[in-house]
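> Using the sequences and the hints, build the whole thing.
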Amino acid sequence: MNAPAATANPSSLRLVLTLAIAGLLSGIAIIGIYETTLPTITANKARELREAVLKVLPGVTQMQALVHRDGELVVVAEPAKDEPVIYGGHDAQGEFVGYAVPAAGPGFQDTIALLYGYRPGDREVVGMEILESRETPGLGDKIYKDADFVAEFSALRVDPEIVAVKKGTKTGPNQVDAITGATISAKAVVRIINEAHTEWSERLPAPGSEPMLEAPDSPVDEGAQ
Amino acid sequence: MKKRDPDLLLFHAPLLRQGMTTPSAMRDVVWALLPATAASLWFFGISAVLVLASSIAGAVLAEWLFANKEARGESLRDSSGIVTGLLLGLTLPPGLPLWMAFLGGFVGICLGKVIWGGLGHNLFNPALLGRAFLQATFPIAMTTWVPATGDAGFFAIYPGNLALPFMQVSVDAMTSATPLGLMKFEQVVTPLNELAFGKINGSLGETSGVALLLGGVYLWARRDLDWRIPVSILATVILFSACLGLFDAERFPTPWFSVFSGGLLLGAIYMATDPVTSPVTPRGAWIFGIGVGVLVMLIRVFGGLPEGVMYAILLMNAATPLIDRYTQPRVFGRGIESP
Amino acid sequence: MDNLLWIFVSALLVNNFVLTYFLGLCPFLGVSNSLETSARLGLATTFVMLVTAVCAWLLNTYILVHAPYLRLISFIVVIASTVQFIEMLIKKLSPALFRAMGIFLPLITTNCAILGLAIFATNRGYGFWEGIVYALGAGIGFTLALVLLAGLREESELSDVPALIKGTAMNLIIAGILSMAFMGFAGLFSST
Amino acid sequence: MKENLSREEFLKGIWRDNPVFAQVLGMCPMLAVTNSAINAVAMGMATFFVLVGSSFLVSTFRHLIPKQVRISCFIIIIATFVTIADYTLLALVPKVHKELGAFIPLIVANCLILGRQEAFASRYPTKLAVMDALGMASGFLLALFSLGAVREILGDGALFGFNLFGANFEPWVIMILPPGGFLTLGVILLFFNWFKTKKDEFLEDVAAAQRSEG
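Residue numbers (the working numbering), protein chains in the order written: chain A, 1 to 225; chain B, 1 to 339; chain C, 1 to 192; chain D, 1 to 214.
Any given hint could turn out to be false.
[To be verified] Here are the simulated EDC-like pairs of lysine to aspartate or glutamate, each with C-alpha atoms no more than 16 Å apart in a straight line:
(1) D:K98 <-> A:E132
(2) A:K167 <-> A:E195
(3) A:K45 <-> D:E99
(4) A:K167 <-> B:E186
(5) D:K95 <-> A:E48
(6) A:K170 <-> B:E194
(7) D:K95 <-> A:E132
(8) D:K95 <-> A:E51
(9) A:K166 <-> B:E186
(10) A:K145 <-> A:E129
[As the list claims (entries may be wrong)] Just so you have them, the derived chain D footprint on chain A, three or more residues with Cβ under 8 Å:
(11) 11–23
(12) 128–138
(13) 162–169
Hints were generated in silico from the structure; no laboratory data involved.
These figures come from a predicted structure and were not determined experimentally.
Where is the CB? At the ideal position from N, CA and C, for every residue including glycine.
What follows is the structure in structure tokens.
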């Protein structure tokens with residue numbers, strides 16, 4: 001056996017020095033990899049977000065981040081940490097189409113995070129995409145795997161509030177057919193959207209006076225960041 | 001080998017009074033289940049026979065395959081495999097594919113008995129383990145409730161029953177919700193007399209509360225069951241519902257609805273009382289029963305699932321070693337604080 | 001964002017650290033073969049979890065916003081030194097408690113449940129109180145799972161478990177059964 | 001002789017001392033992500049990288065690291081490799097990274113990795129240490145893959161996302177849920193035990209036969 005060759009009683013200076021050097025080298029390595037991968041990671045995230053926003057707001061080709069500060073909705077390039085943010089979607093001509101609102105809340109198994117598109121002019125939810133969920137495979141995961149259920153959110157009135165009803169008994173424009181066997185998951189999605197809507201509706205400006213698109217895309221340039 | 005003082009052994013259940021043998025106790029349970037079985041045949045026809053037979057076959061096959069050579073004859077004769085299969089079958093939906101019922105019986109015996117070294121050593125109720133496995137494995141099939149055959153006649157088989165092994169049900173079954181599901185998701189209350197006498201949707205055995213109670217009385221009269229457990233479970237459920245009713249009578253179920261709906265009676269009388277997997281001391285039995293009652297109501301009212309009897313009993317099975325340990329009359333005697 | 005009751009119940013039962021995230025299995029499989037040991041280990045872990053949650057919140061709020069890449073390293077260093085510090089503190093203040101808890105403290109340093117708690121709380125963006133409640137739920141849930149498993153395991157060691165299954169395989173299967181039973185808690189308090 | 005030694009170090013990790021099946025090490029943070037073969041392999045690869053990398057460094061610098069602070073040094077080295085793996089996966093395969101989520105940083109707490117540094121890499125020359133790490137890491141990868149494959153085949157009717165049994169297969173959902181992880185590993189260990197017992201019996205029979213002949 002080769003015992004570690006360190007002497008029986010190394011000075012404490014040596015101990016501290018070893019740790020310091022190890023820490024320093026590790027720091028350099030970590031910062032190195034962080035700086036190298038950062039551009040790709042940021043680009044990936046931006047693309048993912050963009051794809052989700054375009055999905056929940058049909059007809060949208062450009063977007064900008066909006067936050068609520070001092071009683072009005074302002075355009076920001078980089079929202080601060082922990083600041084709730086929504087996205088304004090505009091079509092190719094720069095006309096405002098709707099908002100994409102991220103929301104989250106408890107589901108059947110764990111937190112469900114989603115993004116929904118909202119057109120304030122029609123007071124309608126026009127699209128919904130689940131970003132994160134651990135719902136039961138085969139049942140609860142229908143909230144994103146079942147195209148019929150997702151399609152329920154393509155023209156859905158928010159007044160007085162969205163309601164999930166037993167499958168096949170849908171009567172009003174504010175009702176969603178729940179999923180047989182996964183009522184809780186379906187209701188959770190509806191509740192999350194309702195809560196987020198209540199929270200945001202008072203912060204949104206009157207229809208027609210939405211923030212203008214500040215940095216229009218150079219002629220539609222998909223994928224480039 | 002065995003480390004403890006033989007006086008302290010409390011796991012050689014089933015603990016029986018003198019003159020009783022395991023086969024006779026098991027046979028009593030089969031007799032007691034007759035009314036409920038008959039009710040399930042009456043309401044669900046030939047499908048009930050097929051589902052029950054499949055789960056019994058699965059259980060008995062597992063028992064036979066894994067028993068020691070010497071014990072093989074014995075373990076079959078004490079008919080505990082049949083009881084497990086029958087109990088499991090009674091908790092299954094009538095339209096369940098038969099291969100799933102078979103698998104449930106097989107897995108129930110494997111997980112519930114074989115790995116523990118056979119009857120008397122298991123810590124969980126084998127029938128409920130089989131059902132929990134099926135519920136987790138085939139959540140859709142296990143929550144597809146077909147309505148009672150009624151007019152279609154005794155020999156009408158639910159199409160779901162005949163799915164090929166490992167395959168899905170290809171036909172869309174006519175489904176409907178159980179009274180608990182109706183209550184929880186649509187706020188529809190099923191009238192009490194239907195709950196008590198049957199013809200409600202649900203698993204095979206839970207359709208008629210009265211039939212289950214009859215069997216319970218028989219078991220009690222034969223002294224095969226510790227009356228403290230069903231009594232404490234039912235009392236807890238009634239009290240819990242009554243308290244909730246004080247807050248909001250509209251939203252929460254009434255006490256009688258809670259008792260007669262779902263698998264509560266089946267679970268409280270036949271499964272929670274399994275002498276092997278419930279505490280031995282009277283005080284332990286009360287704690288066990290109250291625990292089951294509270295968990296059932298917690299899951300039914302505040303949980304995501306409409307029914308929680310199976311989970312409540314399994315969870316209290318898991319806690320039984322702890323209950324036994326802390327309700328022993330001062331044997332370990334160190335007054336360790338209960339965690 | 002999420003309400004506190006749900007965070008607590010979710011960490012305690014629905015998403016129990018041991019039974020659904022498989023965190024902290026090493027103590028279950030390796031260390032705890034008796035009920036008392038498990039209970040003590042669980043309590044010690046809960047305590048360290050609470051302290052870790054506070055530290056993680058401090059780190060996240062004041063340091064890691066500027067240098068997110070140091071997250072992992074700083075969490076490990078903080079957990080290791082917290083455990084060391086608590087050990088010294090307990091030794092000084094209550095030798096009896098130290099004797100009861102002492103040997104478990106170093107083990108906790110390598111318990112993935114602690115690091116897991118810090119990372120999950122960060123990923124979920126929990127604030128101060130949410131973090132505390134989350135840690136409390138996770139810790140008590142860890143203790144509960146460990147104690148239940150230890151009770152079952154003690155009992156199973158006294159029965160004629162076939163030689164092939166005895167040991168780790170049996171413990172894993174018991175854990176699987178318990179995990180199956182805990183599935184009944186899914187959705188608890190999620191709609192209130 | 002030297003060649004044999006390093007081959008021996010490599011092979012022992014794959015079967016005889018397989019970290020999961022034989023030593024039951026390092027699976028706590030890993031079981032959670034073995035619900036599909038692809039996740040299991042991704043996690044296994046990340047662990048592979050971390051284990052081999054840190055064994056190489058630890059063994060190369062083993063004479064420079066004082067005994068008193070060796071554990072801290074090991075942890076710093078391991079954590080650095082884990083952070084590198086984390087960012088690399090996030091940049092290259094964001095989809096897989098999302099599935100593995102918070103479990104990648106938890107590789108740090110894998111007792112297998114720290115255990116190999118303490119028991120092997122800090123005592124032996126670089127070549128042997130790397131062989132040992134390669135063997136252990138391959139054994140670990142193999143174990144994770146078999147778990148992930150069993151769970152995905154039964155739980156989803158597919159392997160690496162390719163459907164195996166046709167559209168009508170009824171998936172065993174429990175297999176991709178947590179209880180399935182515990183039960184599958186339990187059953188695999190059972191088979192491992194069974195195999196070992198059979199092998200021991202066989203060897204004993206052979207030995208007995210030789211004795212009686214001799």
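> So, for every hint listed, does it hold in this structure?
We went through each hint and held it up to the structure:
no.	hint	in the structure
1	D:K98 <-> A:E132	holds (9 Å)
2	A:K167 <-> A:E195	violated (22 Å)
3	A:K45 <-> D:E99	holds (15 Å)
4	A:K167 <-> B:E186	holds (11 Å)
5	D:K95 <-> A:E48	holds (10 Å)
6	A:K170 <-> B:E194	violated (28 Å)
7	D:K95 <-> A:E132	holds (12 Å)
8	D:K95 <-> A:E51	holds (14 Å)
9	A:K166 <-> B:E186	holds (8 Å)
10	A:K145 <-> A:E129	holds (10 Å)
11	11–23	holds (count 6)
12	128–138	holds (count 3)
13	162–169	violated (count 0)
The structure is inconsistent with the numbered hints 2, 6 and 13, although it conforms to all the rest.
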